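Colleague: Going down the list, the protein sequences come from chains A and B. Our numbering numbers the first residue of the first sequence as 1 and each following residue consecutively. Our numbering numbers the first residue of the second sequence as 1 and each following residue consecutively.
Just so you know, these hints were derived from the structure itself, not from any lab. Some hints could be false.
You can't tell identical chains apart in this list, so a pair holds if it fits in one copy or across any two.
Straight-line Cα separation of at most 30 Å, DSS-like style, residue types lysine-lysine; simulated pairs [said to hold, decoys possible]:
| no. | residue 1 | residue 2 |
| --- | --- | --- |
| 1 | K183 | K246 |
| 2 | K125 | K344 |
| 3 | K344 | K246 |
| 4 | K315 | K125 |
| 5 | K38 | K183 |
| 6 | K246 | K38 |
| 7 | K38 | K125 |
In this text, all values refer to a predicted model and were calculated from it rather than measured experimentally.
Chain residues, written in single-letter form:
Protein chains: 2
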Amino acid sequence: MNPRTLADIPTPALIIDVAAMERNIQRMAEFFAEGPCKLRPHFKAHKTPEIARRQLAAGSWVGLTCATVAEAEIVADFCDDILIANQVIGEGKCARVAELTRRVDIKIAVDSVFGLEQIAAAAQKAGTSIGVLVEINIGFRSGVGPGEPALALARRAADLAGVELRGLMGYEGVAQPIEERDKREAAARSALERLLSTVPVLREAGLPCDIVSAGGTGTHDISGRLPGVTEIQAGSYVLMDTAYAKLDIPFEKAFSVLGTVVSRPSATSVTADCGHKSCTQDHGNPEVRDIEGASVLFLADEHALITVPQDCPLKPGDRVQLWPSHIDPTINLHDVFYALEGDKVIGIWPIVARGYAEQRMEWSKE
Amino acid sequence: MNPRTLADIPTPALIIDVAAMERNIQRMAEFFAEGPCKLRPHFKAHKTPEIARRQLAAGSWVGLTCATVAEAEIVADFCDDILIANQVIGEGKCARVAELTRRVDIKIAVDSVFGLEQIAAAAQKAGTSIGVLVEINIGFRSGVGPGEPALALARRAADLAGVELRGLMGYEGVAQPIEERDKREAAARSALERLLSTVPVLREAGLPCDIVSAGGTGTHDISGRLPGVTEIQAGSYVLMDTAYAKLDIPFEKAFSVLGTVVSRPSATSVTADCGHKSCTQDHGNPEVRDIEGASVLFLADEHALITVPQDCPLKPGDRVQLWPSHIDPTINLHDVFYALEGDKVIGIWPIVARGYAEQRMEWSKE
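Using the sequences plus the hints, can you model the full thing?
Modeller: Below you can see the structure in the form of structure tokens.
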């Protein structure tokens, strides 16, 4: 790699403050060093092996979390305990999960008989067995009801060749963004009650329930201390975003979008080359870093329109940085991170799992 | 390519109804067949050579429009007249534009002395000359004021070695999304008056002004009939989106996001595997295609939460399609299109210009 400084980076680009990222990683590892509950960092937040390796080096983990089969295929190169914290639906994808059992301890979430039977069939065909967690609907997006419905699916899993029941999962997504701690705690406890109340139901039925997986960055220090939760799937903490920065959690914003001013169309505005294509706005407009009084007016496809004070000296050719509002989809737009120590580029880290590997496989076959 | 049908496509994925796309292309080409004003289709909408080639085959064009240098480097393989309809700022990017003059007639927009001098310096260094259009600020994101400020920059361009003044550009972006035709027309005419009033100012000063470039899909049949406008930079018409579909323009929605239902967490909701990572929401949530009473409640990173009527039979494993609200950034999320005739896949088309080529060049150097 050629040595570079911040000034040499072609824009738009994602840059990481490596020191801030390392502090975030250490703080989270320290929090989970003690309790019986451990960390399972979510790979989907950054999609970048160089970052995941640093999370693993810090300890306090039981494995990594992935959102997709394609992510798990990448993570299997450096971690041997993986949870795909989603339903895996489709014969092709189930076959790929079965293949992964030859390399790593892999588990997926299930919330339907259809999904359970499909993954079991793939495992049987491959002569292997796949771990499953029954996902409980605790108010966000997927899952079966707690208690009886969960027990019925768990029984089916226990009876079926090709799958191994490992426990339960739930995601208290509704609680994650709540800014006031007492309200966030109440929401997390209420949601997780649905998950935790199902644990004894399984145990009383003689079914295994070794893993109870939940949580995220916003609730890591709430859900991670609830008796019965065995692991927390936090991801955003490592680099953060402006949405999570509003919470009282001890993590720093550690990445930003670097842009170049291309126009100053008026005394109170500048246009930079970082729009929708380099920064999402699904959690609100990004914030402008380190420029007093500057704010993003709107994003166009290739441009950020930024309102500035009249005496702001920004002019074409100058650099700006935006703090993204939502880490995961913003990172998904880029192919690499530029890793910085101060102004020095110490690495260019491929965001290997961005997009959909299935599509690139199709393309390369042509 | 292996023959496939819609049912075989791994999800999430972008699919194109090729017949609808061809109808859109033909309709736009027919509109511009007659007038003195011609079409300069905008490559940034789809970023896909297979589609651009079809647009060129339909005729009525003067060249293609690009948003970035990286797009122009791809387009130069099959089109010899390119306008980069943005400021190009940065020595590296300017040097790449200079390099492109060896292969094609290339023009860029300028709106500052800094930008003009930087591109001229790159051209001089390469022993070439680069075409420039002075961008007039007509209310959207960039540009100098009409009249005197534009004349001053045009004079500087005419005097400077390494650049060749070709004309003017303006983008009436504020008018594009206005649903009522009379209001859209009034907004477009008002904005373009600032552009068109500057044409005689240049001519009276003895400066060339052969190109007057403007427009987009929403105003193609308004701005494209205004005397003095020589070309229209429309892009979205070829595949459309739900925002442009609200306008009274004769184009059909021709692409959608294909997803798979992964969960039915309640009688009135399903979860599909197509979220922020496969469909943007910067112009609003996508719409659900062909399912009566279904609507997107929200997008999560990997999931669309869809509200459905209780009697809707959707279940895990079934397919759904979403109509995106904004074509450009949604397509930018994917690596390929699956091109369909009916249910048959007739091609897998690489979205070659997605993301930032600069980042992939860095990566491959490692």
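Colleague: Which of the numbered hints are not met once you compare them with the structure shown?
Modeller: 7
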